[in-house]
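> As they're listed, the protein sequences go chains A and B.
Last residue of the first sequence: 342 (the working numbering), numbering continuous.
Last residue of the second sequence: 1394 (the working numbering), numbering continuous.
Bear in mind the hints are in silico, worked out from the structure with no lab data behind them.
Glycine included, each C-beta is placed from N, C-alpha and C at the ideal position.
The reader is advised that the hints may include incorrect statements.
Unchecked claim - Facing chain A, from chain B, some residues (calculated, C-beta under 7 Å):
hint, residue
1, Gly1033
2, Leu1036
3, Gly1039
4, Ala1044
5, Gly1047
6, Ala1146
7, Gln1147
8, Thr1152
9, Phe1155
10, Ile1221
11, Phe1222
12, Ala1224
13, Gly1372
14, Val1373
As the list claims (entries may be wrong) - Each pair of labels, with its calculated beta carbon distance range:
hint, chain 1, residue 1, chain 2, residue 2, range
15, B, Arg1159, A, Gly240, 43 to 53 Å
16, B, Phe1158, A, Ala140, 50 to 60 Å
17, B, Glu1116, A, Gln71, 38 to 48 Å
18, B, Glu1220, A, Gln71, 33 to 43 Å
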Amino acid sequence: MMLGDTIFDVYWFQTVIKVLVVALLIPTTALILGIVFLFKVMSWMQSRLGPQEAGPKGLLQLLADGAKFLQKEDLTPMSADVRVFRMAPIVVLMSTFLLFVIIPASPNLVVENLPNGVFFAFAVSSLSVIGVLMAGWASANKYALLGGIRAAGQLIAYELPMVLAVVGVVIQAGTLSMNGIVVAQAGFHIGPIPVPYIVTQFPMFLVFLAATQAELTQAPFDMPVAESELVAGYQVEYSGFRFLFFFMAEFATAFAFAAIAATLFLGGYYVPGLDINSGIYWVLGPIVLFTKIMLVSFLIFWFRFTYPRFREDQLQRFAWKWLIPISLVWISVTALFKVWVA
Amino acid sequence: MAAPTVPESKQLQYISQQAADSRVNVEFETEDGMTLNIGPQHPATHGTLRIITRLDGEQVISCEPVPGYMHRGYEKLTEVRTYPQVTTLINRIDWLGSFANEVPFILAAEKLMEIEAPPRARYIRTILFELSRMANIVLFLGDLGAQLGGVTAVFYAFRDREFVLNQIEAVTGGRFHPNFDRIGGLKDDLPKGWIAETKKCMTRVHDFCDELEDLLIGNEIFQARTRGIGVIPANVGLSYGLSGANIRGSGVDWDIRRDHCPPGLVYDKADWKVCTHPDGDSFSRSWVRLQEVRESAKIVDQLLDSVPSGPVMAKVPRIIKVPEGEAYVATENPLGQMGYYVISKGDLVPFRVKIRSASFNNVSIVPWVTRGVFVPDVITILASLYFILGDIDR
Chain A
1 MMLGDTIFDV YWFQTVIKVL VVALLIPTTA LILGIVFLFK VMSWMQSRLG
51 PQEAGPKGLL QLLADGAKFL QKEDLTPMSA DVRVFRMAPI VVLMSTFLLF
101 VIIPASPNLV VENLPNGVFF AFAVSSLSVI GVLMAGWASA NKYALLGGIR
151 AAGQLIAYEL PMVLAVVGVV IQAGTLSMNG IVVAQAGFHI GPIPVPYIVT
201 QFPMFLVFLA ATQAELTQAP FDMPVAESEL VAGYQVEYSG FRFLFFFMAE
251 FATAFAFAAI AATLFLGGYY VPGLDINSGI YWVLGPIVLF TKIMLVSFLI
301 FWFRFTYPRF REDQLQRFAW KWLIPISLVW ISVTALFKVW VA
Chain B
1001 MAAPTVPESK QLQYISQQAA DSRVNVEFET EDGMTLNIGP QHPATHGTLR
1051 IITRLDGEQV ISCEPVPGYM HRGYEKLTEV RTYPQVTTLI NRIDWLGSFA
1101 NEVPFILAAE KLMEIEAPPR ARYIRTILFE LSRMANIVLF LGDLGAQLGG
1151 VTAVFYAFRD REFVLNQIEA VTGGRFHPNF DRIGGLKDDL PKGWIAETKK
1201 CMTRVHDFCD ELEDLLIGNE IFQARTRGIG VIPANVGLSY GLSGANIRGS
1251 GVDWDIRRDH CPPGLVYDKA DWKVCTHPDG DSFSRSWVRL QEVRESAKIV
1301 DQLLDSVPSG PVMAKVPRII KVPEGEAYVA TENPLGQMGY YVISKGDLVP
1351 FRVKIRSASF NNVSIVPWVT RGVFVPDVIT ILASLYFILG DIDR
């Protein structure tokens, strides 16, 4: 360009590109691929026929589901708090999509490389609690209210083990930046073998997975939406595309947390043995990251399809008596090692 | 003359009476609790049972089942149908194990007419009875999983129940409403090759039981959710008239199939045992049912080997007139004791039929057993008591 700047350096242009990436590219590629994959997993594990039969190789099930929701009437209960009721699904979905902002798909392919990316991730992900509470309260339905209250209790209780699980990684890497953590993992060796942090932080990985499961309100922690008790909890009054928002948020959050887990514990886009500064990561990075995300979300959904649901008090006991002590112990061990090595 | 005025106290009394009558339609919230209607449309109620719970937080203060949303008046309807027509109606009572509903009525009619079905018919009757028990309880086990949040179990149950239903369909022509039992025998003989097919089906049922034991009954979370929840001591269960697996789950060793087997069925020809569990909680009821499916499959396996040859229908008049008298026959149905008390005045139609179905009594214990538990446990207890709405309301 004339001023010696390329158009890529203009702030507004960068912003537009980034918004497009977050709002369009990630949903269309990652979500669709991922949901199709998980539908397949689901159908084989649970012997569901839809994703095996609908369309060629059952690929059209997602389309059928989406079309079904869009056809439905958009209902708002008469006694609902209309504005809050309508806003709630958007708040939930927003908090999910903001998570994708900080996940690096290659050294430079990241929407915003925040120096305190981990902090941002947990700050943003806890916004969804507000959306869930809004939905539960504004629906003016007892089941929705019970579901909303349960969700709030659960999400707050499990925020703690989740943050603590990440603290170990942060201590070991010595940085809060997501990209920094990947780079630190690339330089981490046990003897001559390069290993991701899952090897040293394995208990934390399990704690993180359990807390993720609870944050997603999926079985075995799905009391807030328990369809056999609370019908669908805070989602009970939603229909049509507003319900679709919740539905998408559920899968999208699963991917977002899987992406965080993949980045923090599995080395993100990094392939052991390949130089981190190599230009090939522009192409290879997203593919590697996506594969790792699918691996983690496969685990998440495997738990979901295997276990029945805890009761509310058992859930709290599990968090406070098991997850939090385990992560505290492991944080101390990590910190001691860090000091000792240094 | 002035119109007679109703005193105010009378008016108040009238209003409060009205309020009390329509109590079930009023949602009241007081300082010490919230009223939560579980049902009539709720996934945990298998239909349209309504349960009014008063909650303190999530803890149940009181709980009251309101049946009647699906009352179809079967007892009255039987009075305008001839005896052979009645089976069409009554196999809709417990719709998951429908052949089992026909048997006690037919047996009662046979008792009144003093007819005995030929041995082959009695064997096939028993086999079909047990097949419908399996179809019913397999779905119960899956549904139990669904109520506890393990949705996978219900898909497996629907998949594997189909094998049993196929066998029932192959004989009777109907998956759900066979209408196959006749006074004096059965409508038809077994189709060719059915016995071998059913033997294969029984191994599948055993496989399903093993799979479900791994997936659900043995699961730690499942046990944490059901052990010690909804404990029914044996004497309380008996006083509420519980029957079937619910009372065997409380340690009472009582099974009509073994103890008072009616003459039209041949349970004494097979070697099987009655399973009981001493705990009386939700887990023990589920466990007893799982074992019952296995025992059922064992019974069928043995009876298939020894089905005698011969006719499947005794000699009965073309127009069935049942002589005057009264008869009560009860059988051990999938849900518990089911009995028909038939009064005949020597007519083409029964004079009066009283149906004793198991679920009505089984649900009557719900207010007692849910005192002070949490909402999720109400669902667990309801699922483990196992009722079918058609069987409550008739």
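> Next, verify each hint and record whether it holds.
Hint check results:
no., hint, result
1, Gly1033, "violated, 12 Å"
2, Leu1036, "holds, 5 Å"
3, Gly1039, "violated, 11 Å"
4, Ala1044, "holds, 5 Å"
5, Gly1047, "violated, 14 Å"
6, Ala1146, "holds, 6 Å"
7, Gln1147, "holds, 5 Å"
8, Thr1152, "holds, 5 Å"
9, Phe1155, "holds, 5 Å"
10, Ile1221, "holds, 5 Å"
11, Phe1222, "holds, 5 Å"
12, Ala1224, "holds, 6 Å"
13, Gly1372, "violated, 14 Å"
14, Val1373, "violated, 10 Å"
15, B/Arg1159 - A/Gly240: 43 to 53 Å, "violated, 31 Å"
16, B/Phe1158 - A/Ala140: 50 to 60 Å, "violated, 35 Å"
17, B/Glu1116 - A/Gln71: 38 to 48 Å, "violated, 60 Å"
18, B/Glu1220 - A/Gln71: 33 to 43 Å, "holds, 42 Å"
Hint check: violations occur at hints 1, 3, 5, 13, 14, 15, 16 and 17; the rest are consistent with the structure.
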